[in-house]
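Chemist: From first to last, the protein sequence lines are chains A and B.
Residue 401 is where the first sequence starts when you use the numbering used here, and the numbers rise one by one after that.
Residue 12 is where the second sequence starts when you use the numbering used here, and the numbers rise one by one after that.
Please keep in mind that the hints were generated in silico from the structure rather than gathered at the bench.
Be a bit skeptical, because a hint or two may be false.
[Claimed, not checked] Stretches of chain B that chain A covers, calculated by requiring three or more beta carbons in the stretch to come under 8 angstroms of a beta carbon on chain A:
id: 1; stretch: 362-375
id: 2; stretch: 462-468
id: 3; stretch: 482-495
[Unchecked claim] Computed Cβ-Cβ distance ranges for the label pairs, DEER-style:
id: 4; chain 1: B; residue 1: Glu582; chain 2: A; residue 2: Gly470; range: 32 to 42 angstroms
id: 5; chain 1: A; residue 1: Glu495; chain 2: B; residue 2: Tyr273; range: 38 to 48 angstroms
id: 6; chain 1: B; residue 1: Gln533; chain 2: A; residue 2: Leu496; range: 21 to 31 angstroms
id: 7; chain 1: A; residue 1: Gly452; chain 2: B; residue 2: Glu37; range: 14 to 24 angstroms
id: 8; chain 1: A; residue 1: Ala474; chain 2: B; residue 2: Asp224; range: 46 to 56 angstroms
id: 9; chain 1: A; residue 1: Gly470; chain 2: B; residue 2: Glu290; range: 36 to 46 angstroms
Positions of the beta carbon are idealized from the N, C-alpha and C atoms, including for glycine.
Chain residues, written in single-letter form:
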Amino acid sequence: MATELRVLDDGAWISVDNQRRVPNSDIWPLAVTDFCGCETAHVVLEAFTDVGVDRDGVAVQAVGQCIDCGTEGALDWLAVGRVRDGAFHPYDPGELRPRLEPGNDIR
Amino acid sequence: MPTDVEQWKSELYGTDIREHIERFAETGWDSIPEDERDAWFERFKWYGLYHQRAGQESYFMMRIGPPNGVLEPGQFRTVAEIAKEYSTGPAENPEFGNGWLDVTTRQAIQLHWINIEDVPAIFDELEAAGLTTMQACGDSWRNIVGCPVAGKDEHEHVDALPTIHELNDRFKGNAEHSNLPRKWKVSVTGCREGCGQGDINDLALEPATKEIDGEDREGFNVRVGGGLARNEPRFARDIDVFVTPEQAADVSGGISALFREYGDRENRYNARIKFLVDEWGPEKLRDVLQEEFVEFELHTAGEDLRSEYSYNAGEAAGKHDHVGVHGQPDGNNYVGLNVLVGRIGADDALDIADAADEHGSGEVRLTQRQNIILTDVPDERVDDLLAEPALDHYSPDPHPFMRGSIACTGTEFCSLSIVETKNRQVRYARWLKENVALPAGVEDFHIHLSGCTASCAQPQIADISLRGMKTRKDGEPVEALDIGLGGGLGEEPQFASWVTERVPADEVPGAIRNLLANFEDQREDESQSFREFVAARDDEELAALVEPEETSYDDPFMHNTKRTWYPYAEEDSLDDSPAPASPDGTPLSADD
Numbered sequence: 401m402a403t404e405l406r407v408l409d410d411g412a413w414i415s416v417d418n419q420r421r422v423p424n425s426d427i428w429p430l431a432v433t434d435f436c437g438c439e440t441a442h443v444v445l446e447a448f449t450d451v452g453v454d455r456d457g458v459a460v461q462a463v464g465q466c467i468d469c470g471t472e473g474a475l476d477w478l479a480v481g482r483v484r485d486g487a488f489h490p491y492d493p494g495e496l497r498p499r500l501e502p503g504n505d506i507r
Numbered sequence: 012m013p014t015d016v017e018q019w020k021s022e023l024y025g026t027d028i029r030e031h032i033e034r035f036a037e038t039g040w041d042s043i044p045e046d047e048r049d050a051w052f053e054r055f056k057w058y059g060l061y062h063q064r065a066g067q068e069s070y071f072m073m074r075i076g077p078p079n080g081v082l083e084p085g086q087f088r089t090v091a092e093i094a095k096e097y098s099t100g101p102a103e104n105p106e107f108g109n110g111w112l113d114v115t116t117r118q119a120i121q122l123h124w125i126n127i128e129d130v131p132a133i134f135d136e137l138e139a140a141g142l143t144t145m146q147a148c149g150d151s152w153r154n155i156v157g158c159p160v161a162g163k164d165e166h167e168h169v170d171a172l173p174t175i176h177e178l179n180d181r182f183k184g185n186a187e188h189s190n191l192p193r194k195w196k197v198s199v200t201g202c203r204e205g206c207g208q209g210d211i212n213d214l215a216l217e218p219a220t221k222e223i224d225g226e227d228r229e230g231f232n233v234r235v236g237g238g239l240a241r242n243e244p245r246f247a248r249d250i251d252v253f254v255t256p257e258q259a260a261d262v263s264g265g266i267s268a269l270f271r272e273y274g275d276r277e278n279r280y281n282a283r284i285k286f287l288v289d290e291w292g293p294e295k296l297r298d299v300l301q302e303e304f305v306e307f308e309l310h311t312a313g314e315d316l317r318s319e320y321s322y323n324a325g326e327a328a329g330k331h332d333h334v335g336v337h338g339q340p341d342g343n344n345y346v347g348l349n350v351l352v353g354r355i356g357a358d359d360a361l362d363i364a365d366a367a368d369e370h371g372s373g374e375v376r377l378t379q380r381q382n383i384i385l386t387d388v389p390d391e392r393v394d395d396l397l398a399e400p401a402l403d404h405y406s407p408d409p410h411p412f413m414r415g416s417i418a419c420t421g422t423e424f425c426s427l428s429i430v431e432t433k434n435r436q437v438r439y440a441r442w443l444k445e446n447v448a449l450p451a452g453v454e455d456f457h458i459h460l461s462g463c464t465a466s467c468a469q470p471q472i473a474d475i476s477l478r479g480m481k482t483r484k485d486g487e488p489v490e491a492l493d494i495g496l497g498g499g500l501g502e503e504p505q506f507a508s509w510v511t512e513r514v515p516a517d518e519v520p521g522a523i524r525n526l527l528a529n530f531e532d533q534r535e536d537e538s539q540s541f542r543e544f545v546a547a548r549d550d551e552e553l554a555a556l557v558e559p560e561e562t563s564y565d566d567p568f569m570h571n572t573k574r575t576w577y578p579y580a581e582e583d584s585l586d587d588s589p590a591p592a593s594p595d596g597t598p599l600s601a602d603d
């Protein structure tokens with residue numbers, strides 16, 4: 401059965417199969433990104449704007465801000481979890497993300 | 012492609028939702044199908060029910076939006092009784108206990124910890140008192156705001172209350188206007204002081220005079236497309252239309268219908284009418300309104316009173332709220348009481364209802380400063396009212412820092428907020444009162460704390476604007492606030508500029524203390540108001556005057572309060588949440 405994904409409540413959270421699984425306001429460290437000039441961008445996700453899937457990966461678009469340098473901007477497809485055997489497994493936002501997803505295959 | 016929300020709304024919305032709320036209430040929380048919950052919770056908003064944030068499943072916020080914030084005699088008591096009986100949760104708030112009501116910046120009341128099973132009984136009690144939660148949230152006409160003393164104000168140009176009631180009666184429960192692309196916030200004001208804050212609403216009717224057929228007619232000029240949310244603040248734009256009170260509902264309905272037809276239903280972030288006004292411009296909006304939605308010829312704008320606006324205008328001697336004892340045109344008085352961050356304990360609310368009954372007419376009004384007003388108090392009853400014990404805390408003569416404190420709901424209950432707000436602002440106000448002397452002549456000083464860019468505390472129009480963010484301190488992420496300056500309304504409204512960002516929350520009181528000290532040192536003279544002082548400086552100069560600093564202020568909410576089930580619970584982790592729970596507090600298995 402297809403996994404239902406949606407952004408709700410003004411971008412406050414990602415719903416996965418009608419459950420609130422990924423909240424805004426967490427800080428996601430991003431290692432390789434042009435989001436800002438920091439070696440690792442620590443981006444607080446203020447609000448989600450879209451969610452999609454790439455095979456079994458779940459990725460979001462969001463607006464956020466680096467808590468160290470203050471750069472504000474839009475994140476283009478950040479992986480936030482994975483679907484395995486029909487169940488969603490969120491990534492730990494505190495774990496370093498190697499990069500942003502390219503987004504070409506997100507739908 | 013329409014959004015999921017639009018799809019759900021097209022299937023079932025408006026008054027049809029009621030029977031389903033009652034059905035789920037009868038069969039219990041568990042009976043709401045798990046694979047339909049997003050859709051149902053979105054629809055429930057139309058009836059004023061908003062599912063609380065993660066960790067608080069099965070609990071709802073309930074909003075009651077009386078037109079213009081007017082609670083007729085007996086209605087405030089009803090709400091207080093409901094708060095006492097139904098609005099208690101599984102943990103206490105250290106500042107407010109358990110069981111309270113929140114007065115909002117849009118003259119509504121919010122209750123928390125409401126179980127779906129209790130909703131029909133609450134609806135019955137509200138409706139018996141003439142109240143409703145209908146359209147308090149959701150994509151339709153919200154409660155209309157305005158001057159909180161409409162009809163009882165010595166400074167009134169026109170009594171807006173009959174117009175407000177006409178609009179409320181026509182557009183609440185009206186199927187033609189119940190499913191709009193997004194929320195629809197309306198302000199109707201007749202007073203000369205500008206306290207309806209029309210500039211920050213989707214639709215604003217403001218007092219004006221127009222010569223029609225050789226006769227001066229009192230009525231309203233129309234502005235469209237104001238709002239504060241999402242880092243996209245806009246003041247409502249003048250569309251060059253005057254309406255008589257008799258035309259107000261037809262023209263307002265025309266603009267609402269225009270929004271219904273032309274608003275963006277494919278992107279909720281672009282849906283508010285402020286973006287349509289951006290795209291079209293006020294002239295095209297007026298043209299389309301005239302051609303497609305209004306059957307009579309629109310008048311051009313009349314002469315407005317904006318040059319007289321003093322409310323929140325930044326003048327030292329201007330009017331900033333309705334706190335205190337003020338005369339009514341009928342010889343009685345209204346008494347505005349300060350409600351710190353808008354929250355009133357249920358027992359306190361019952362005491363206030365008693366005082367309103369005993370010394371006034373029993374009417375209680377809600378203000379956009381999160382305060383309340385008791386009306387119709389005869390001169391000979393004023394002293395007795397002021398001697399009531401409840402007024403020790405809900406004071407008609409509060410300290411400026413207590414008087415000026417506004418806060419949104421914050422991470423206590425809200426899904427979107429990034430930081431804790433209400434308890435923090437209470438602690439800020441107390442610390443500032445104890446530790447900071449206000450410069451000479453400063454009797455009003457407004458600090459608005461909003462947990463995120465949704466701006467429910469209207470931070471961009473305060474003296475000190477605070478907005479939730481995060482930063483790093485001593486190597487650790489902590490809750491922080493952006494500090495903005497220069498906001499206010501009046502003839503020349505201005506949004507705050509965010510001059511110092513990401514200040515650790517425990518350094519904000521020190522920053523305000525230092526800023527005020529710099530203001531006192533550097534202002535021209537004692538007649539220069541804080542807003543005038545700020546307006547005379549650029550952002551860089553202002554940033555240099557904000558000097559964040561640790562002080563004796565202690566902040567217990569520096570951690571990630573959003574990752575708790577309740578920020579004040581002894582065991583606060585999400586795994587410790589008792590939710591979902593039945594109305595008696597018994598936890599229900601989340602896996603059922």
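Chemist: Now look at each hint and say whether the structure bears it out.
Modeler: Hints and how they fare:
1. For the stretch 362-375 of chain B, the stated coverage by chain A is not satisfied: 0 residues place a CB nearer than 8 angstroms to a CB of that chain, which falls below the threshold of 3.
2. With 3 residues carrying a beta carbon less than 8 angstroms from a beta carbon of chain A, the stretch 462-468 of chain B meets the three-residue requirement, and the given coverage holds.
3. With 4 residues bearing a CB less than 8 angstroms from a CB of chain A, the stretch 482-495 of chain B meets the requirement of three and the coverage assertion stands.
4. Range check, Glu582(B) to Gly470(A): Cβ separation about 35 angstroms, and the 32 to 42 angstroms hint holds.
5. For the pair Glu495(A) and Tyr273(B), the beta carbons lie near 45 angstroms from each other, so the given range of 38 to 48 angstroms is met.
6. For Gln533(B) and Leu496(A), the hinted distance range of 21 to 31 angstroms is not satisfied, since their beta carbons lie about 46 angstroms from each other.
7. For the pair Gly452(A) and Glu37(B), the supplied restraint of 14 to 24 angstroms is violated, since their beta-carbon distance comes to about 38 angstroms.
8. Range check, Ala474(A) to Asp224(B): Cβ separation about 54 angstroms, and the 46 to 56 angstroms hint holds.
9. Checking the proposed 36 to 46 angstroms range against Gly470(A) and Glu290(B) shows it is violated: the Cβ atoms sit about 30 angstroms from each other.
Hints 1, 6, 7 and 9 from the list above are not met by this structure, while the remaining hints are.
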